[in-house]
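Residue numbers (our numbering), protein chains in the order written: chain A, 72 to 376; chain B, 177 to 488; chain C, 16 to 526.
Since the hints were made in silico from the structure, they are not lab data. Ideal placement from N, C-alpha and C gives every residue a C-beta, glycine not left out. Treat the hints with care, since some could be wrong.
[To be verified] Within a straight-line C-alpha distance of at most 16 Å, the following computed EDC-like cross-link-like pairs (lysine to aspartate or glutamate) qualify: (1) C:K213 to A:E116; (2) C:K447 to A:E159; (3) C:K213 to A:E159; (4) C:K116 to C:E224.
[Claimed, not checked] Cβ-to-Cβ under 8 Å is the rule here; a few derived chain B residues that face chain A: (5) P334; (6) L429; (7) F452; (8) N473; (9) M474.
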Amino acid sequence: MLAYTLKRTVVAFLILVVVSALTFSLSHLSADPALTIGGEQASDEDIEAIRKLYGFDRPVYEQYFSWLGRALAGDFGESYHYKQPVVEMISERIGRTMLLGTLAILFALIVSIPLGTLAAMRPNSLLDRFALLIAVFGQALPTFWFALMMIIVLGVWWRWLPISGHDQWLNYVMPTIALGYYATPALMRLTRAGMIEVLGSDYIRTARAKGLPPFVVLFKHALRNAIIPVVALAAVWFGFMLGGSIVIETIFNLKGIGWLSYDALLRSDLPVVQAIVLIFASFYVVLTLAADLLNAYLDPRISVR
Amino acid sequence: MTDTTTSSPLGLRTQQTAEEILEPSPFSKLRKRIFKNYSFLFGAVVLIFIIAMALLAPVFEALGWIHDPYDQELARRLQNPFWHEKKVDEAHLLGTDKVGRDYLSRLIYGSQISLLIGFSTMLISGFIGTVLGVTAGYFGGRVDMVVNFIINTRLAMPVFLVAMAAVVAFGASLTVVILVLGLFLWDRFAVVMRSITQQARDLDYVKAARALGCSTPHIIVREIFPNVLSSLTVVATVEMANAILLEAALSFLGFGVQAPTPSWGLMLNEGREYMFFSAWMLALPGACLFMLVLAINMFGDGLRDVTLERER
Amino acid sequence: MTLKRIATLAAAGLIGASVASTAQAGPDDDSLVIAWGSTGPIEHVDNYVNTNRTGIWFSRMVWDQLIYREPKTFEFKPLLATSWELLNDTTWQFKLRQGVKFHNGEPFDADDVVFTLNWISNPDNGVKVQRNVNWIEKAEKIDQYTVNVHMKRPFPQAFEFLSGPITIYPNEYYAKVGPDGMHKAPVGTGPMKVVSIKTAEEYVFERNEDYTWGSPKGEAKVAKIIVREIADVQTQIAELLAGGIDITADITADHVDQIGGVPGFVALQAGTMRTGYLGFDAANRSGHEPINKLKVRQAMAHAIDRASLVKNLIRGDAGVIHTPCFPTQFGCDVDAAVKYEFDPEKAKALLAEAGYPDGFEIEFYTFRPADWAEAIMGDLAKVGIKATLTKMPYFALRDKQRNEGTTPMFLMDWGSYSMNDMSAITSHFFKKGPDDFALDDEVAAWLEEGDTSSDPAVRKAAYSKAIKKITGEVYWLPMFNHVRNYAYRDGLVFIPYQDEIPRFWQYGWAK
Numbered sequence: 072m073l074a075y076t077l078k079r080t081v082v083a084f085l086i087l088v089v090v091s092a093l094t095f096s097l098s099h100l101s102a103d104p105a106l107t108i109g110g111e112q113a114s115d116e117d118i119e120a121i122r123k124l125y126g127f128d129r130p131v132y133e134q135y136f137s138w139l140g141r142a143l144a145g146d147f148g149e150s151y152h153y154k155q156p157v158v159e160m161i162s163e164r165i166g167r168t169m170l171l172g173t174l175a176i177l178f179a180l181i182v183s184i185p186l187g188t189l190a191a192m193r194p195n196s197l198l199d200r201f202a203l204l205i206a207v208f209g210q211a212l213p214t215f216w217f218a219l220m221m222i223i224v225l226g227v228w229w230r231w232l233p234i235s236g237h238d239q240w241l242n243y244v245m246p247t248i249a250l251g252y253y254a255t256p257a258l259m260r261l262t263r264a265g266m267i268e269v270l271g272s273d274y275i276r277t278a279r280a281k282g283l284p285p286f287v288v289l290f291k292h293a294l295r296n297a298i299i300p301v302v303a304l305a306a307v308w309f310g311f312m313l314g315g316s317i318v319i320e321t322i323f324n325l326k327g328i329g330w331l332s333y334d335a336l337l338r339s340d341l342p343v344v345q346a347i348v349l350i351f352a353s354f355y356v357v358l359t360l361a362a363d364l365l366n367a368y369l370d371p372r373i374s375v376r
Numbered sequence: 177m178t179d180t181t182t183s184s185p186l187g188l189r190t191q192q193t194a195e196e197i198l199e200p201s202p203f204s205k206l207r208k209r210i211f212k213n214y215s216f217l218f219g220a221v222v223l224i225f226i227i228a229m230a231l232l233a234p235v236f237e238a239l240g241w242i243h244d245p246y247d248q249e250l251a252r253r254l255q256n257p258f259w260h261e262k263k264v265d266e267a268h269l270l271g272t273d274k275v276g277r278d279y280l281s282r283l284i285y286g287s288q289i290s291l292l293i294g295f296s297t298m299l300i301s302g303f304i305g306t307v308l309g310v311t312a313g314y315f316g317g318r319v320d321m322v323v324n325f326i327i328n329t330r331l332a333m334p335v336f337l338v339a340m341a342a343v344v345a346f347g348a349s350l351t352v353v354i355l356v357l358g359l360f361l362w363d364r365f366a367v368v369m370r371s372i373t374q375q376a377r378d379l380d381y382v383k384a385a386r387a388l389g390c391s392t393p394h395i396i397v398r399e400i401f402p403n404v405l406s407s408l409t410v411v412a413t414v415e416m417a418n419a420i421l422l423e424a425a426l427s428f429l430g431f432g433v434q435a436p437t438p439s440w441g442l443m444l445n446e447g448r449e450y451m452f453f454s455a456w457m458l459a460l461p462g463a464c465l466f467m468l469v470l471a472i473n474m475f476g477d478g479l480r481d482v483t484l485e486r487e488r
Numbered sequence: 016m017t018l019k020r021i022a023t024l025a026a027a028g029l030i031g032a033s034v035a036s037t038a039q040a041g042p043d044d045d046s047l048v049i050a051w052g053s054t055g056p057i058e059h060v061d062n063y064v065n066t067n068r069t070g071i072w073f074s075r076m077v078w079d080q081l082i083y084r085e086p087k088t089f090e091f092k093p094l095l096a097t098s099w100e101l102l103n104d105t106t107w108q109f110k111l112r113q114g115v116k117f118h119n120g121e122p123f124d125a126d127d128v129v130f131t132l133n134w135i136s137n138p139d140n141g142v143k144v145q146r147n148v149n150w151i152e153k154a155e156k157i158d159q160y161t162v163n164v165h166m167k168r169p170f171p172q173a174f175e176f177l178s179g180p181i182t183i184y185p186n187e188y189y190a191k192v193g194p195d196g197m198h199k200a201p202v203g204t205g206p207m208k209v210v211s212i213k214t215a216e217e218y219v220f221e222r223n224e225d226y227t228w229g230s231p232k233g234e235a236k237v238a239k240i241i242v243r244e245i246a247d248v249q250t251q252i253a254e255l256l257a258g259g260i261d262i263t264a265d266i267t268a269d270h271v272d273q274i275g276g277v278p279g280f281v282a283l284q285a286g287t288m289r290t291g292y293l294g295f296d297a298a299n300r301s302g303h304e305p306i307n308k309l310k311v312r313q314a315m316a317h318a319i320d321r322a323s324l325v326k327n328l329i330r331g332d333a334g335v336i337h338t339p340c341f342p343t344q345f346g347c348d349v350d351a352a353v354k355y356e357f358d359p360e361k362a363k364a365l366l367a368e369a370g371y372p373d374g375f376e377i378e379f380y381t382f383r384p385a386d387w388a389e390a391i392m393g394d395l396a397k398v399g400i401k402a403t404l405t406k407m408p409y410f411a412l413r414d415k416q417r418n419e420g421t422t423p424m425f426l427m428d429w430g431s432y433s434m435n436d437m438s439a440i441t442s443h444f445f446k447k448g449p450d451d452f453a454l455d456d457e458v459a460a461w462l463e464e465g466d467t468s469s470d471p472a473v474r475k476a477a478y479s480k481a482i483k484k485i486t487g488e489v490y491w492l493p494m495f496n497h498v499r500n501y502a503y504r505d506g507l508v509f510i511p512y513q514d515e516i517p518r519f520w521q522y523g524w525a526k
């Protein structure tokens, strides 16, 4: 198990190195950072001096390794545009994105687990069809379009919910729904499939035969088993949601790191973009790693291989 | 499909992706019973309709039924659609946009762009993903490990953010958007092709072909490929829908195709300026996009039910 | 739900929205909530560090200059300085106002002025826009309320800078905290005091109760101002309609028509001196063959219907501009400019003469709304020129222009930092600096002459020659002046200004 854990951790770390190297070279192809730093009125000499100072005249791989070295020590440099340490800018805002992501995934689970379970209990019922409809429609609805429609209806026409900001919890309602609903089809399908499989299994039949109340059978025996892969998938979706937060945070002016990455891209503020890509990637890698290890722990055959 | 779990470093996601897409879960079997594959029918009919629109658009234009989607005149900008009380210009059924181009024509021509992006992205990503997946699945061992690493690296990249960075780096255009999406959206192809190839490799007649001394390329192309073809089609529909939605989101933020191309994503971006007062400018391209993606998804779902059922 | 029903609901909803009231913003608590930021948040509120337009709006609330430029008549009036005198070609003497206090209680005197001017003119301190300050040699204290400002050379535009970008900082405070401290807790003499700064998110101000010394800027009309940085214009409008904010200055001309029609809201357009232009790569850095031919550029000038563009898209009191500068600016002689009337036939003839009877293809760049560029492309298409548009973020476009030079044609604009002197725009673009794509020695020499002479007549003559050549060679096709579009809640007493700087403290609620 230890060897397995170690191996997986090394692989996860290597993935992060490759991801950051790719984005580093990609972003250094884009706008000249020296110009961003120098500002509108910088002369050619200023720009040249800045290039030397920041080392932009060195080959990209050299710049990358010096960036990586500092990043490993927790130093992501300074924003070209805001002249603030990137770590500071991100730590100020990452909480909001995490909160949004958590709320969104909770929303998705709260919608999809009951719907999926009910659908599995009475396959072919009206409710099952309704669940299916939500799943099919949900997959086809562009997130940003849905977000805008909510702003028009809930924000402007009815004035039920605040439109922009992040200071009160009500600010998170619309962004949560907009971001969360996109995950519901996948989670619901998995819940439903898992439940149908579990409900048809021998031990549930045994439990039923023993005369346990249906309620107990459903929640204590069936759902508990069916829900594990759903939660695992939700963890992975959480990683994807952080990426989806770019559009949502921009629309709702919710200033988390999704918004920050959009703002940084518009200004070619590379240290910020670089750090956020790495954070998003880390979330994905860590969550999948955790899920893998959990899997291996639950099913020791995996780590033996 | 259990062996996908064990051989992938970050197995969970991989397993679920494959399952999500391919397993004819009880869910979809059931759905088949519910809808008797009306979903497939619906998807196919809508899709054919949209493709017909895209192909026939120049014909309609030549017949004078619709306008040139690029023909602009500032003096007739922002005309209202037919249902509006203050309808002015009879020549434009759905009104005009902000430089006076016919909205209906642009919606119809917009199908070309969405389909073009969907198809091209799917071809590029399908090629990359299939090559990687089949290679990994067929050869296994170290090759498989390397491919798995590549797949997981790709999955760890926040697609949307990296796609935006790539568009900034190379300049926004239709070609760049297609290439960027094509180079990013191959993961599902690779995952699915890999696990199916692994299964197909162990089929008796493939073993037999190997024993007869057929060359590896021959086996892959002649014996393995026909086996994975139906799954490939299913994944292709999923990725096509995905690419269309991503293009729309990129265009919406201004990182997609360039004006004056009639793209639904770009029309959403432009129509957003009028969302509070002329909601149709946002609702119409949004509805078109929704219908197209819905049709592709339902078509794909139906296809999965039909084809995988036959195989079993 | 049918579309018609959606439309009806929208109309009903909007009217309902205007009737319902929320207490989040507005006259109830004597506050003004502003949304701005569509071009990105202020990166750093220190006036010498940021380069944003909104940074200027911020600075006018918090700090004062030595001199006040009356925004309507462009007259110079006393502000922190009460009188001034030119001692010799390169020295101004200023008498300072007594009894003015900074927000932290520090009294204002010659030490503050001397410190500020000497600090900013030292290039090591890294003032972002060096052009604003690099003409200052040094400042010298004569007595507690008298200062001499020495200039490096005769500098006729000095007052434009002293009444604009150069704001006076408290010496003791700034020496202690520096730019970063100033960013966290700005201190000035201006009509509004800063209560809190949340970078890129929100700024809260309260009325400066000590601002009673008869400043021409006027005392604050509301007790509290809150600024919210909202990047998305649609979100700003949603907030306005829902009652979350009171005023926005980022909307488009079409929004003005739409919001203006909603009861409870007012929308208006105010012309500014921001000058839009179509730039050409006349120096041929992009290697685009046709565009370095004069006849081709002249053809394009005749092909574009600027009047229709202004009338249909820009609207307000915008007008077609023929000069590479804004007509109110010093030296900007409209009569010197070569004017090109809209004449597609002539354009076609010129193209044929240049050897392109069937037109050609060209890449076209902008960072502004695509519809302006699309209108231009439509006109060019009618004479056979097929332009393909690339819309890029501002910084990325500037980078492409400066470093690669691969932009044969571009629609850009310049706000002149609200300075009413032609050197703020024409000299920036045509003196062979990094933004000069014409690289004309003669023009550069004339502009240098105009920039450095202290004789107004000599300046005007030199500038006129430059204008004539720039327009004659069509290095730029000047397009139109931009319009700022404002929408605000009914009941706000709002005054628009042509220099694109809303004085938010002057706006209060009608009683």
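For each hint, the structure was consulted:
For the proposed pair C:K213 and A:E116, the alpha carbon gap of about 34 Å is over 16 Å, so the pair is violated. Only pairs whose Cα atoms come within 16 Å are accepted, and C:K447 paired with A:E159 is rejected, the gap being roughly 40 Å. Pair hint C:K213 plus A:E159 holds up; C-alpha atoms about 13 Å apart against a cutoff of 16 Å. For the hint linking C:K116 to C:E224, the alpha-carbon distance of about 11 Å falls within 16 Å, and the restraint holds.
Given hint, B:P334 at the interface with chain A, holds; its Cβ is 4 Å from that chain's nearest Cβ, closer than 8 Å. Taking 8 Å as the C-beta contact cut-off toward chain A, the hint placing B:L429 at the interface holds, the least distance being around 7 Å. For B:F452, the shortest C-beta to C-beta distance to chain A is roughly 6 Å, which falls under 8 Å, so the interface hint holds. Evaluation of the B:N473 hint against chain A yields a held restraint, the C-beta minimum of about 5 Å falling below 8 Å.
Hint status for B:M474 relative to chain A: holds, with the closest Cβ pair at about 6 Å, below 8 Å.
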